[in-house]
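My request is simple: use the sequences and hints to build the entire structure.
Chains as they are written, first to last, in my numbering: chain G, 1415 to 1784; chain U, 1415 to 1784; chain Y, 246 to 533; chain C, 246 to 533.
Some hints here could point you the wrong way.
Subject to a maximum C-alpha distance of 25 Å in a straight line, what follows is the list of computed BS3-like cross-link-like pairs (lysine-lysine) [claimed, not checked]: (1) K288(C) <-> K1607(G); (2) K288(Y) <-> K1585(U); (3) K307(Y) <-> K1577(U); (4) K288(C) <-> K1585(G); (5) K1577(U) <-> K288(Y); (6) K1607(U) <-> K288(Y); (7) K1733(U) <-> K1642(U); (8) K1577(G) <-> K307(C); (9) K1733(U) <-> K1778(U); (10) K531(Y) <-> K469(Y); (11) K1607(G) <-> K1642(G); (12) K1641(U) <-> K1733(U); (13) K288(C) <-> K1577(G).
Which residues of chain C face chain G? A partial, calculated answer using Cβ under 7 Å [claimed, not checked]: (14) T262; (15) P286; (16) D300.
If you are wondering where the hints come from, they were derived from the structure by calculation, not from laboratory data. Beta carbons are placed, not taken as given, at the ideal position from N, Cα and C, and that holds for glycine.
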Amino acid sequence: MKQYEYLAKQILASYGIPIPPGRVVDTPEDAEAAVREIGPAALKAQVLVGGRGKAGGIRFAQNAEEAKTLTKAMMGMDLKGYTVERLYAEGKLEIEQEIYISVTTDGNTKAPLIMASRAGGVEIEEVDDREIVRRHIDPRVGVEPYFGRELAAALGLEGTLFKEFSDLVVKLYRIYRDKDAELVEINPLAVVKGHLVAADARLNIDDSAMYRHPEIQRVDEGSVLEKKVQEIGLAYVELDGDIAVMANGAGMAMATLDAIQFFGGRPANFLDAGGGASVEPTAQALGVLVSMDPKVIFVNIFGGITRCDDVARAILQVKEGVGIPVPLVVRLVGTNEAEGVRLLAERGIAAYSEMAEAAEQAVKLAGEGR
Amino acid sequence: MKQYEYLAKQILASYGIPIPPGRVVDTPEDAEAAVREIGPAALKAQVLVGGRGKAGGIRFAQNAEEAKTLTKAMMGMDLKGYTVERLYAEGKLEIEQEIYISVTTDGNTKAPLIMASRAGGVEIEEVDDREIVRRHIDPRVGVEPYFGRELAAALGLEGTLFKEFSDLVVKLYRIYRDKDAELVEINPLAVVKGHLVAADARLNIDDSAMYRHPEIQRVDEGSVLEKKVQEIGLAYVELDGDIAVMANGAGMAMATLDAIQFFGGRPANFLDAGGGASVEPTAQALGVLVSMDPKVIFVNIFGGITRCDDVARAILQVKEGVGIPVPLVVRLVGTNEAEGVRLLAERGIAAYSEMAEAAEQAVKLAGEGR
Amino acid sequence: MAILLTRESRVIVQGMTGNQGRFHTGQMQAYGTNVVGGTSPGKGGQRIDGIPVFDTVSAAVKATGADASIVFVPAPFAKDAAFEAMENGIKLLVMIPEHIPVQDAMAIVTRARDLGVVVIGPNTFGIISPGEKTKMGIMPNHIYQSGPIGVVARSGTLSYEIAFSLTNAGLGQTTVVGMGGDPVVGQNFVSVLEEFKHDAATKAIVMVGEIGGSAEEEAAEHIKRLGKPVVAYLAGRAAPPGKRMGHAGAIIERGRGTLESKEKALTAAGATVVTMPWQVAEAVKKLV
Amino acid sequence: MAILLTRESRVIVQGMTGNQGRFHTGQMQAYGTNVVGGTSPGKGGQRIDGIPVFDTVSAAVKATGADASIVFVPAPFAKDAAFEAMENGIKLLVMIPEHIPVQDAMAIVTRARDLGVVVIGPNTFGIISPGEKTKMGIMPNHIYQSGPIGVVARSGTLSYEIAFSLTNAGLGQTTVVGMGGDPVVGQNFVSVLEEFKHDAATKAIVMVGEIGGSAEEEAAEHIKRLGKPVVAYLAGRAAPPGKRMGHAGAIIERGRGTLESKEKALTAAGATVVTMPWQVAEAVKKLV
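As structure tokens, then:
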């Protein structure tokens, strides 16, 4: 779960990491008052996408009047598909230098990975590999202060910055650990009047660990539809095609998208119905697909824990409830396959057993393909 | 640093361990009000010694009137050398069973040690070894809930108690870790109406770790003199003899006591002047010895980091300041020995070089010995 | 022959009295797994389908000599269960639950490395050795068949799809391993390939990968020295960059993790890379 | 010959620019210790008495090939310093500071065990090998002399007393080890006796113990199979039970840890037990 910048910064500050003075604002009047208080400020759109600055999501107000005008313009604007609903007014910094630092989990080594660079301020993906210092953390040892000093030395920092950076590394890792973070990133970690300040911050919390962090604010992410499906507890991502897709298991769902593309079609979404979803959530998910108004709906199930008869029942429930006004292609094999196929056949739905054939048929019905 | 029972219980409670209702009282009127509120209560002297109950430090008040009377009697009483300054009025418990549990550090295995027994309620030293379950904790792993369940199973607990005890083990270890405890002990861990309650608790915090626990209350321990010397930063323990002793290093100080006893004398105290104490604290410590009004003062120094000339200077400072009105025996060898011996000789103090001779002389001057 | 899990493995089920645990204990027994016991705190002394239930793994191991365990407890209790198993001498640990916090998974996997425990998962369908008629997992029993192919996959249903297509093509399996879909899991392609390398019965290997991470690239390095033919199929061709696809954590980062880089590395290493799941069996047939 | 610390040891000093660090670096050099560098964060690049100072142990080890380190930093920073040394390949670590929290000491010692690092201390005077003319510690240089006696002690000044009495009696030392006075330290009598056992130059061993704990009792078990004569002196005869004597943590508990039980065990194991420190040298003389 991503956190808005201002929430991430509150957490950083609670660990003693310096942040610039700032306030959340959501009306032009708010912004006016805030800038009157903190002086010239950056107005930063609180949306969960990277590269806000380039997309026009960060503007500078020299005075309260300007803050009012700019806020009027920014509130409600579309930023890479996200609507701006609030801004963070933050005291303008005279930045002397920009550093990058982050802690994340490296699945390959199964250890936390800390990355730092003196080429901060841009997305780390755009930084030359040779300018990035990468260090794995032994989870049995964690980060003692010396680790921070080694990192500071590797970056070539000296004096006050050496000391402040070393301390910050310890705190950053503590946040990563304490808060079950997937990513905690400060970029840029700005040098202002010779001292470090977290000018921008990202904090993503491990969704699976949210249950043990009542202190962390739940942040809504994604489109209305995405939120709706996520509420059912299923993984869903919107894409830009016209064939709505449901499959069970993330790998299977990905392979289903691949198969549609393979035959020349364009998937409208990714929907993992889970390894063992029962009738009700499956029907709800299917209802979502119907509401997307696609050209075709393609259900691709290999029953393991998921039982084919349950899937069939979910399909029939939707068909006979809200109705399925577009062509439906069902591929159904595995556990309780016979029963599932029979249930569908009774209501006039023929199920495929081969994934390739089913995918090809879905693409054909969408009027696409080769 | 030992914590008073009521402080220990506050910490236990903050970790979710159930404690009986209770209040600190230091006047008869307080006690009266407390018992009016919580009903029949135990009035427990808040002193830092074990075996309070047998020594009369725990009394039961059936009603408010009785509480007043008892408190009047208990306040100011002497309990194994400690003056009772406050009581803890605690709701009386209908105890069905008494369990013992503690976490401490085992220096031999260099690991935390958890001990538990169903023969609780008495000092663990008095419990038969076969009735004690001992388990070491791997500090790399800590205490996961399963460890608590294994312990509960080893004690033969079942049902609700099995579950409550398992949970409590996890919390107790967390206190031990978080609070840098040397000892955290619940004895008895009472079963009341089928549930566990920490009826009495001991918590000793590692003195060396107090600097990182501003949240833990500093508790004064020991006699006035002991506190005074401890404030200088030296280790001091009062004994019941008449030869005041100062030595450098804990081992050396112990050996000095042994030597005095060997020749038939009785040491008045243990004072470790430290491995490298400078003039000022050494002089202060010596001043304390003078104020004890002993028969003889014996200073036994083997200079390592401690410099013999510093010790000599400290002796002369005290001699020429407050004065040393009792016979003084000095043994001085090691670093800067010549200079130290010379400084003393100039002012008429002859220093010994052999510990045995010096100890024998000290005993002789005290009019003791064989 | 098989890898990691054999007929000798003495299996306990942690969380056996729950719905999932109970159901899959039955399924495992039906398949032939030597399930010697189960655990469920506070329910020790019961029997389920003739299998004794214990309060603790310690008691279960003492009574049954178990050396393998499959965990069905809810995610918040999974770390506890894993440590209980490992600290009590379990050497093969299958972690079924999904939604285990990554920090917990990291702690489990780190400790496992120190103790020499093989962890399968978390968020896995498990491991099955059809030739030995034994499994620890939740995969459907009927889709596998004994034979010379080793299969290692990241995710569940996709591997069922492929295993079943192999079976239908007359290509049975030595062992099918599900590494698990979470960001941090006990195995990687390299560690499983190394096991298959030393299994005489395994003649060819099928790798089922995904976009994201760099496990496939690392596997490629290993394949060069493997000495056995490999067919690789990778899912996620149609996934747009930067989007997370379910719990697979399939996010493409920095060139590493793209399908192109993975396929290029695997092809260069001598593996046969196919584009769609239904092409796997045919490709394997050409190799054995 | 000597144990643990030899002329080959390449020593760095952590916290070299502080008062204590600077003073004892000079003392160690004067004695003959091969001090190859020091650390002091933020002061890298300086030289002290010709010895290069580095910001980190990592840099110091890279530049000097150091394999041993002596730590002089204040107690709150000692754990950090110890881990810095161990994680950077130091294999002999002498921890001088006192007042290190026990939990920190436990973390250090536990990690050391995993990494095969020998930790002396904390709260120790260090280790000195007179025959090799090298020391890591704060003991006075002039009281030792090369010879056939191994000495292992818990506390500092008392060991000086005894080492000096040995020297005065013409009994030189192979190595004198101070285990440290804290409740949790890296060594115990058993581990040091084992080292002396395998040192051909050591003909007899002096053990300087104290009341409290059960280290002496455990040592007694080991002495039975040691094959070398042992003289033991234990301090604390006059200490009343239940009182803590300084940081030695000398508290008598449950029969274990009393002087009587220790002396009984040691005598039964064949050690010569003496009552006063000035009796040690004479007892040793009878044995060699």
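Hints, one by one, checked against the model:
no.: 1; hint: K288(C) <-> K1607(G); result: holds (23 Å)
no.: 2; hint: K288(Y) <-> K1585(U); result: holds (23 Å)
no.: 3; hint: K307(Y) <-> K1577(U); result: holds (22 Å)
no.: 4; hint: K288(C) <-> K1585(G); result: holds (23 Å)
no.: 5; hint: K1577(U) <-> K288(Y); result: holds (12 Å)
no.: 6; hint: K1607(U) <-> K288(Y); result: holds (23 Å)
no.: 7; hint: K1733(U) <-> K1642(U); result: holds (20 Å)
no.: 8; hint: K1577(G) <-> K307(C); result: holds (22 Å)
no.: 9; hint: K1733(U) <-> K1778(U); result: holds (22 Å)
no.: 10; hint: K531(Y) <-> K469(Y); result: holds (19 Å)
no.: 11; hint: K1607(G) <-> K1642(G); result: violated (47 Å)
no.: 12; hint: K1641(U) <-> K1733(U); result: holds (23 Å)
no.: 13; hint: K288(C) <-> K1577(G); result: holds (12 Å)
no.: 14; hint: T262; result: violated (15 Å)
no.: 15; hint: P286; result: holds (5 Å)
no.: 16; hint: D300; result: holds (5 Å)
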